[in-house]
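Undergrad: Given the sequences, and given the hints that come with them, work out the whole structure.
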Amino acid sequence: QTDALPRQSPALAATHPKLVRRVKPLYRLSERETAAYAFLRRIDYIVEECPFAAGATSIAHKEILSRMEEASPGAKHNFLFGFLDRARAAFERVEAVALQECTRCGQVTTGTVCAFCKLADQVKRAT
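Residues are numbered in our numbering as their position in the sequence shown, beginning at 1, plus a constant of 13.
Because the hints were derived from the structure by calculation, they are not lab data.
Watch out, some of these pointers could steer you wrong.
Taking lysine-lysine and the DSS-like style, the derived pairs with C-alpha atoms no more than 30 Å apart in a straight line are [stated by the list, open to error]:
| # | residue 1 | residue 2 |
| --- | --- | --- |
| 1 | K37 | K137 |
| 2 | K137 | K31 |
| 3 | K37 | K89 |
| 4 | K37 | K75 |
| 5 | K75 | K89 |
Simulated restraints on C-beta separations [stated by the list, open to error]:
| # | residue 1 | residue 2 | range |
| --- | --- | --- | --- |
| 6 | Q135 | H90 | 41 to 47 Å |
| 7 | L132 | P64 | 17 to 23 Å |
| 8 | F52 | E83 | 38 to 44 Å |
Don't be surprised by glycine CBs; every beta carbon is placed ideally from N, CA and C.
TA: As C-alpha coordinates, then:
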(Lines of atoms letter the chains of each structure in order from A and count residues from 1; the text may use other names and numbers.)
(Lines give C-alpha, C1' and ligand atoms only; values in the text may rest on other atoms or scores of the structure.)
Protein backbone atom coordinates (compact mmCIF):
# COMPACT_ATOMS: atom_id res chain seq x y z
CA GLN A 1 0.00 0.00 0.00
CA THR A 2 2.74 2.44 -0.81
CA ASP A 3 0.62 4.49 -3.25
CA ALA A 4 -1.09 6.16 -0.26
CA LEU A 5 2.27 7.07 1.32
CA PRO A 6 2.68 10.51 -0.30
CA ARG A 7 -0.74 11.58 1.02
CA GLN A 8 0.45 11.02 4.62
CA SER A 9 2.77 14.02 4.50
CA PRO A 10 2.16 16.77 7.10
CA ALA A 11 1.72 19.23 4.18
CA LEU A 12 0.12 18.48 0.83
CA ALA A 13 0.27 20.85 -2.12
CA ALA A 14 -2.86 21.88 -3.98
CA THR A 15 -3.08 19.67 -7.06
CA HIS A 16 -5.82 21.62 -8.84
CA PRO A 17 -6.79 25.32 -8.92
CA LYS A 18 -10.07 24.49 -7.11
CA LEU A 19 -8.27 22.63 -4.32
CA VAL A 20 -6.43 24.19 -1.39
CA ARG A 21 -3.14 23.14 0.16
CA ARG A 22 -3.72 20.78 3.08
CA VAL A 23 -1.68 21.04 6.25
CA LYS A 24 -1.83 19.00 9.43
CA PRO A 25 -0.56 21.42 12.09
CA LEU A 26 -1.23 19.07 15.01
CA TYR A 27 0.41 15.98 13.51
CA ARG A 28 3.11 15.96 16.22
CA LEU A 29 0.55 15.83 19.03
CA SER A 30 -0.87 12.63 20.44
CA GLU A 31 -4.60 12.00 20.55
CA ARG A 32 -4.45 12.53 24.30
CA GLU A 33 -2.74 15.93 23.91
CA THR A 34 -5.26 16.99 21.27
CA ALA A 35 -8.13 15.93 23.56
CA ALA A 36 -6.60 17.87 26.48
CA TYR A 37 -6.29 20.99 24.31
CA ALA A 38 -9.91 20.65 23.15
CA PHE A 39 -11.07 20.19 26.75
CA LEU A 40 -9.13 23.21 28.05
CA ARG A 41 -10.41 25.38 25.19
CA ARG A 42 -13.95 24.06 25.70
CA ILE A 43 -14.05 22.68 22.17
CA ASP A 44 -16.50 19.81 21.72
CA TYR A 45 -14.60 16.56 21.43
CA ILE A 46 -16.16 13.31 20.27
CA VAL A 47 -14.89 10.46 22.42
CA GLU A 48 -16.80 7.56 20.83
CA GLU A 49 -15.25 5.58 18.02
CA CYS A 50 -17.02 5.76 14.68
CA PRO A 51 -19.57 2.91 14.52
CA PHE A 52 -18.50 2.21 10.92
CA ALA A 53 -14.88 1.69 12.00
CA ALA A 54 -15.63 -1.65 13.67
CA GLY A 55 -13.16 -4.21 12.38
CA ALA A 56 -11.01 -1.62 10.60
CA THR A 57 -7.31 -2.45 10.54
CA SER A 58 -6.54 1.15 11.52
CA ILE A 59 -8.18 0.51 14.92
CA ALA A 60 -6.01 -2.57 15.44
CA HIS A 61 -2.89 -0.61 14.44
CA LYS A 62 -3.85 2.16 16.86
CA GLU A 63 -4.23 -0.37 19.69
CA ILE A 64 -0.84 -1.92 18.92
CA LEU A 65 0.84 1.50 18.95
CA SER A 66 -0.89 2.35 22.24
CA ARG A 67 0.39 -0.88 23.83
CA MET A 68 3.89 -0.09 22.56
CA GLU A 69 3.62 3.41 24.06
CA GLU A 70 2.55 1.98 27.43
CA ALA A 71 5.50 -0.41 27.46
CA SER A 72 7.97 2.14 26.14
CA PRO A 73 7.03 5.82 26.53
CA GLY A 74 7.98 7.80 23.43
CA ALA A 75 7.49 4.84 21.09
CA LYS A 76 4.70 6.58 19.16
CA HIS A 77 6.80 9.69 18.56
CA ASN A 78 9.79 7.56 17.53
CA PHE A 79 7.56 5.63 15.15
CA LEU A 80 6.10 8.83 13.66
CA PHE A 81 9.41 10.61 13.15
CA GLY A 82 11.09 7.46 11.85
CA PHE A 83 8.23 7.05 9.39
CA LEU A 84 8.47 10.70 8.29
CA ASP A 85 12.23 10.36 7.80
CA ARG A 86 12.00 7.17 5.76
CA ALA A 87 8.98 8.35 3.77
CA ARG A 88 10.45 11.75 2.85
CA ALA A 89 11.45 10.51 -0.62
CA ALA A 90 7.92 9.22 -1.22
CA PHE A 91 6.48 12.58 -0.15
CA GLU A 92 8.61 14.32 -2.75
CA ARG A 93 7.59 12.09 -5.64
CA VAL A 94 3.86 12.67 -5.50
CA GLU A 95 2.48 11.29 -8.71
CA ALA A 96 0.07 13.60 -10.46
CA VAL A 97 -3.44 12.25 -10.68
CA ALA A 98 -5.41 13.45 -13.68
CA LEU A 99 -8.05 15.71 -12.14
CA GLN A 100 -10.90 17.30 -14.00
CA GLU A 101 -14.17 19.00 -13.18
CA CYS A 102 -17.42 17.06 -12.82
CA THR A 103 -19.59 17.60 -15.87
CA ARG A 104 -22.60 18.13 -13.59
CA CYS A 105 -21.51 20.25 -10.63
CA GLY A 106 -18.01 21.41 -11.53
CA GLN A 107 -16.28 19.95 -8.47
CA VAL A 108 -12.88 18.29 -8.82
CA THR A 109 -12.95 14.58 -9.62
CA THR A 110 -10.88 11.86 -11.25
CA GLY A 111 -13.80 10.76 -13.42
CA THR A 112 -16.35 12.44 -15.63
CA VAL A 113 -18.97 12.61 -12.87
CA CYS A 114 -17.98 13.06 -9.20
CA ALA A 115 -18.87 10.59 -6.44
CA PHE A 116 -21.42 13.00 -4.93
CA CYS A 117 -23.37 13.33 -8.20
CA LYS A 118 -23.26 9.54 -8.69
CA LEU A 119 -24.63 9.05 -5.18
CA ALA A 120 -27.34 11.66 -5.79
CA ASP A 121 -28.35 9.71 -8.92
CA GLN A 122 -28.59 6.48 -6.91
CA VAL A 123 -30.78 8.18 -4.30
CA LYS A 124 -33.07 9.60 -7.01
CA ARG A 125 -33.43 6.17 -8.62
CA ALA A 126 -34.19 4.54 -5.26
CA THR A 127 -37.01 6.96 -4.43
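Undergrad: Given the range 41 to 47 Å, decide if the beta-carbon distance of Q135 to H90 lies inside it.
TA: holds (44 Å)
Undergrad: With the threshold set at 30 Å, check whether the alpha-carbon distance from K37 to K75 stays at or below it.
TA: Holds. K37 to K75 sits at ~19 Å (cutoff 30 Å).
Undergrad: Look at the Cβ atoms of F52 and E83 and judge whether their distance stays inside 38 to 44 Å.
TA: Since the Cβ atoms of F52 and E83 sit about 22 Å apart, the hinted range of 38 to 44 Å is violated.
Undergrad: K137 and K31 were given as a pair; does the straight-line alpha-carbon distance stay at or below 30 Å?
TA: holds (27 Å)
Undergrad: At the C-beta level, are L132 and P64 separated by a distance inside 17 to 23 Å?
TA: holds (20 Å)
Undergrad: Between K37 and K137, does the CA-CA distance stay at or below 30 Å?
TA: violated (37 Å)
Undergrad: Please work out if K75 and K89 have their alpha carbons no farther apart than 30 Å.
TA: holds (10 Å)
Undergrad: Hint check: K37 vs K89, CA-CA at most 30 Å. Holds or violated?
TA: Answer holds: K37 to K89 is near 17 Å, not above 30 Å.
The earlier numbered hints that this structure contradicts are 1, 8.
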